[in-house]
Amino acid sequence: MRDKRLDFLRRGRGERFKPLPDQELEKLPDDVWHKCLGCRELLYDKDLEANVWVCPRCGYHHRITVHERIAMLSDEGSFVETNHALRSLDPLEFTIRDRSYKDRLLQAEKDAGVSEAVVTGVATLDGVPISLAVMVMEYLGGAVGSVAGEKITRAVERAHQDGRGLVIVSQSGGMRMHEGLFSLMQMAKTSGALARLQQAKLPFISIIADQTYGGATASWVALGDVIIAEPGARVGFSGPRVLQAIKVRLADDVQKAEFMLQHGMIDLIVPRPQLRGTVIQFLHHFKGHMRCAAQVVPSQANGSAGNQRRKDEK
Amino acid sequence: MNRLVSELEFEKGLSEIRSALEKLTKADPRKVPDLAAQRARLEAQYDQQLAAIYREIIPWNRVLISRHPQRPRFLDFAAVLFPDFIELHGDRRYGDDGAIVGGPATFQGRSVILIGEQKGRSTKENIMRNFGMPHPEGYRKAERLIRMAERFDMPIVTFVDTSGASALEEDEARGVSWAIAECLRTQAEIHVPIISVIIGEGMSGGAIAIAMGNRVLMLEHSIYSVIAPEACASQLWRDVAAAPEAATAMHVTAQQLLRLGLIDRIVPEPLGGAHRDPTTAALYLETALREEFSRISFEQFDWAQQRYERYRQFGQVTDTLSTTQKAPTG
Chain S
1 MRDKRLDFLR RGRGERFKPL PDQELEKLPD DVWHKCLGCR ELLYDKDLEA
51 NVWVCPRCGY HHRITVHERI AMLSDEGSFV ETNHALRSLD PLEFTIRDRS
101 YKDRLLQAEK DAGVSEAVVT GVATLDGVPI SLAVMVMEYL GGAVGSVAGE
151 KITRAVERAH QDGRGLVIVS QSGGMRMHEG LFSLMQMAKT SGALARLQQA
201 KLPFISIIAD QTYGGATASW VALGDVIIAE PGARVGFSGP RVLQAIKVRL
251 ADDVQKAEFM LQHGMIDLIV PRPQLRGTVI QFLHHFKGHM RCAAQVVPSQ
301 ANGSAGNQRR KDEK
Chain B
315 MNRLVSELEF EKGLSEIRSA LEKLTKADPR KVPDLAAQRA RLEAQYDQQL
365 AAIYREIIPW NRVLISRHPQ RPRFLDFAAV LFPDFIELHG DRRYGDDGAI
415 VGGPATFQGR SVILIGEQKG RSTKENIMRN FGMPHPEGYR KAERLIRMAE
465 RFDMPIVTFV DTSGASALEE DEARGVSWAI AECLRTQAEI HVPIISVIIG
515 EGMSGGAIAI AMGNRVLMLE HSIYSVIAPE ACASQLWRDV AAAPEAATAM
565 HVTAQQLLRL GLIDRIVPEP LGGAHRDPTT AALYLETALR EEFSRISFEQ
615 FDWAQQRYER YRQFGQVTDT LSTTQKAPTG
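Chains S and B, in that order, are what the protein sequence lines are. So in our numbering, spot 208 of the first sequence is number 208, and the numbers just go up one at a time. Convert by adding 314 to the 1-based position in the second sequence; the result is the number in our numbering.
Bear in mind the hints are in silico, worked out from the structure with no lab data behind them. Note that CB positions come from ideal geometry on N, CA and C, so glycine has one too. You may find that some hints are simply not true.
What the hints assert, rightly or not - DEER-style ranges, computed between Cβ atoms: (1) S:Asp-98 / B:Ile-610: 53 to 59 Å; (2) B:Met-442 / S:Gln-161: 45 to 51 Å; (3) B:Gln-627 / S:Gly-264: 33 to 39 Å; (4) B:Ser-425 / S:Asp-162: 38 to 44 Å; (5) B:Gln-363 / S:Arg-99: 53 to 59 Å; (6) S:Gln-161 / B:Arg-461: 26 to 32 Å; (7) S:Asp-98 / B:Lys-326: 43 to 49 Å; (8) S:Arg-196 / B:Phe-445: 33 to 39 Å; (9) B:His-505 / S:Asp-45: 39 to 45 Å; (10) B:His-505 / S:Leu-261: 32 to 38 Å; (11) S:Leu-37 / B:Ser-425: 57 to 63 Å; (12) B:Gly-404 / S:Asp-162: 37 to 43 Å; (13) S:Lys-247 / B:Met-315: 43 to 49 Å.
Kindly produce the complete structure, drawing on both the sequences and the hints.
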């Protein structure tokens, strides 16, 4: 459970902190207390939530729900979901042994509570009109098939059409094998749409959350005007399972946000509590060609990390 | 036809005839009086069996053919189709990648830019070419050549043959994902036509990175896939031995992909695969490319738009609201 890559955050803390053994932790009610996945410190849920699920002690970024992310990156009440009714057609009639892909999709929808590996919509962020896409790791590991690719493409097109800024939060295991080459084609589709958005001089802020691999990294994620990652986020080309299959072993620190920053692939690493404020700053810098820009009024709430969950989400 | 190539798993029935043929080639004609007749008989037998084996062929076997070590590579085809090809080197940023080769050439009296993924044949060449797995600088070189084609109004022909982009630490450090993404975006931006041909293995992001063609062709026994069947099998079936099933399920062959409308044309190969008769294979490809070139008028056509539309339509989805109520716009 102990995550070595966060050891540097604990340096100097000496032996003062002694985590509880696992069996004792399991006895605690998990809706009040959380064990930090980084330092195993016991944390009060309310404190964690107030800090957008970043451990106040070690800085570990816990996974948050898509709704929390949307709340964090939009003005309260401004988000309107788009294309939520799109579903896969299972073009290959893919079956693994006796289990069909269609069943798998129904199961994924039940497990993740959303209908696809990405939720898209329009919103304002500090008054700036944006098109927002947030990927969902819980849905088939964030694997991108036709629907996720289509939704991202439509989010790009919506930004283009309305003159909005584009913000995509990515987390993805790669391209979805169940849809074969259709999945791979989403790389070309999304890149094509982004080329047009960028020719129209509209900004794209690409945000990398923990675990972004494969076709997602090698298409829209890498094409942001600004690319921001959360601390410690795993990001790379071939995911761990593919690496295992091709018998390649990479050092633990290679496919990490910090490595990518060091090698000039991303612009910034921004801790989650500051993410909203940073994105707002960029949107204001880059709003020159946004067509709705005239209506934009910067608010005083610049930088507040909204962590309220929207109740009327749909 | 070269009947002495090594057989694949599913062609094992041929190996006995082949070794008999090999013995005959080494035999002294003075000692074997009916050598010609014996050979003719064996060859006929071989051809008959070969035809029987290739009458029906499962997707997995095409995966094996596409990887045959003696299968013609990009430069083998280029030598026949583009005799005046000049290789250009380097990405002007870091280095020169041996797994992606490109430069100008003439085809049907027209200047074109050729870009192809190149696997090696000898161990030495394979090391130089990283077994056809391009490093980031390969894709950056490709991107540079694509921009060159745009500047000088030259159509682009790309040849795809890779088991995937290189995925080592050095590739992550130099941004292999970034190189691929930028190569895709550049192909979306340019206005000259691109014809892409999958000649062997078209595996994953490393393949599509140079295959965003206005027209996409596949050789009869080539494959094109989101992931290697073995990797798919080990992840979804939890058993690498299920690779043949995965190959069928993922629809990796030219025949399956043409039916799905994901590619535009299949280029036939000589009986038994291109490696048994590379010259004829090159001729078939030349014929197909000639037809492609004569079909596309190079003047006054918006190739960028056609390319956008071609890729925009991929990915069938259904809007579960559209039948009952109006879908939300956007």
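Are any of the numbered hints broken by this structure? If so, which, sorted upward? Hint check: 1, 5, 7, 9 and 13 fail, others pass.
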